[in-house]
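What follows is the residue order along each chain.
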Amino acid sequence: MITRRAFLLLGVAAGTAHAQLPPNIAELRRQALDEAIRKVVGNAQVRTGKVKLDLPPLIDNGNTVPLSVEVDSPMTAADHVKAIHVFTEKNPQPYVLSAHLGPRSGRARITTRARIADTGVVTAIAQMSDGSFWSDSLKVIVTLSACLEEGLI
Amino acid sequence: MARVVVNVPAEAKRGEVIEIRTLAGHPMETGFRRTQLGELIPRDIIRSLVCTYNGVEVFRADFHPAMAANPLLTFTTVAAESGTLEFRWTGDNGFSATQTAVIKVL
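From first to last, the protein sequence lines are chains P and Y.
For the first sequence, counting from 1, position 16 maps to 16 in the working numbering; every step adds exactly one.
Count along the second sequence starting at 1, add 153, and that's the number in the working numbering.
The hints are simulated quantities; they were obtained by calculation from the structure and are not laboratory data.
Predicted model, so just to flag it, every value in this text is computed and none were measured.
The beta carbon of each residue, even a glycine, is placed where N, CA and C say it ideally should be.
Hints may contain errors.
Derived pair list, reagent style DSBU-like, types lysine-lysine, alpha-carbon separation capped at 30 Å [to be verified]:
1. K82/P with K139/P
2. K82/P with K39/P
3. K257/Y with K166/Y
4. K139/P with K39/P
5. K166/Y with K52/P
6. K82/P with K50/P
7. K50/P with K39/P
8. K139/P with K50/P
9. K82/P with K52/P
10. K82/P with K166/Y
11. K257/Y with K50/P
12. K257/Y with K82/P
Where chain Y lies over chain P, by a calculated footprint (3+ residues, C-beta under 8 Å) [claimed, not checked]:
13. 53-67
14. 86-96
15. 105-112
Quick list of simulated restraints, FRET-style, between CB atoms [said to hold, decoys possible]:
16. D54/P with E210/Y: 24 to 34 Å
17. T188/Y with D72/P: 37 to 47 Å
18. Q189/Y with I2/P: 41 to 51 Å
19. R174/Y with I25/P: 29 to 39 Å
20. T143/P with A163/Y: 38 to 48 Å
21. S137/P with T227/Y: 17 to 27 Å
Whole structure, please, built from the sequences with the hints as guidance.
Written out as structure tokens, the structure is:
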């Protein structure tokens, strides 16, 4: 026969065991994304604006998602975009692409195709020559996800 | 040798911003997929693309597994002088591909 005290102790033990479980994957991915962005921007503040991220809001096939990033900048030697970084929230790794530009780029615009694993936020961050960071984020809905399909062979 | 394609206008006015399109034939295996037997398929991706204009680097990009297969990348550069643009892709397992394009600046 189990006593009330023993039962409560069991509950406490179960509670601590639960606390030791790893946090859920969504939380881990968000932390990985924050970490990846921190690695790029350091302690600088990321402001919204100047950057225009363009990709379809509803994605049928996450394996090839057309994506373009345009940054409002005169692209002169004194004031230009040094780099454009693209991140996704739900992929196993948050990085998609880092493009390094300069005054010889003429215009800060890149187009590419990405893999997006799941419905979530895509972020583009532009690093300016004066050291500031600007960003734009878009939430996209993915119906067929990339990275997760199996059984090719 | 991997198949790579670049699209650069044959001629441009001096100072004009030209658009360059690049495409490399590559599966961009992410390293996260498994076979039906449950074995992890090792990662095999292109890591970087460097574009030089008459020997001067004008554009560089680092790729990650989240780039789609057959990575396509479009960017711009200023047509400064006549010459050659060289594109070099490098990646895992010693992958390397180069392509050149000639541009005439009027």
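*Taking the numbered hints from earlier one at a time, note which ones the structure violates and give those numbers from smallest to largest.*
11
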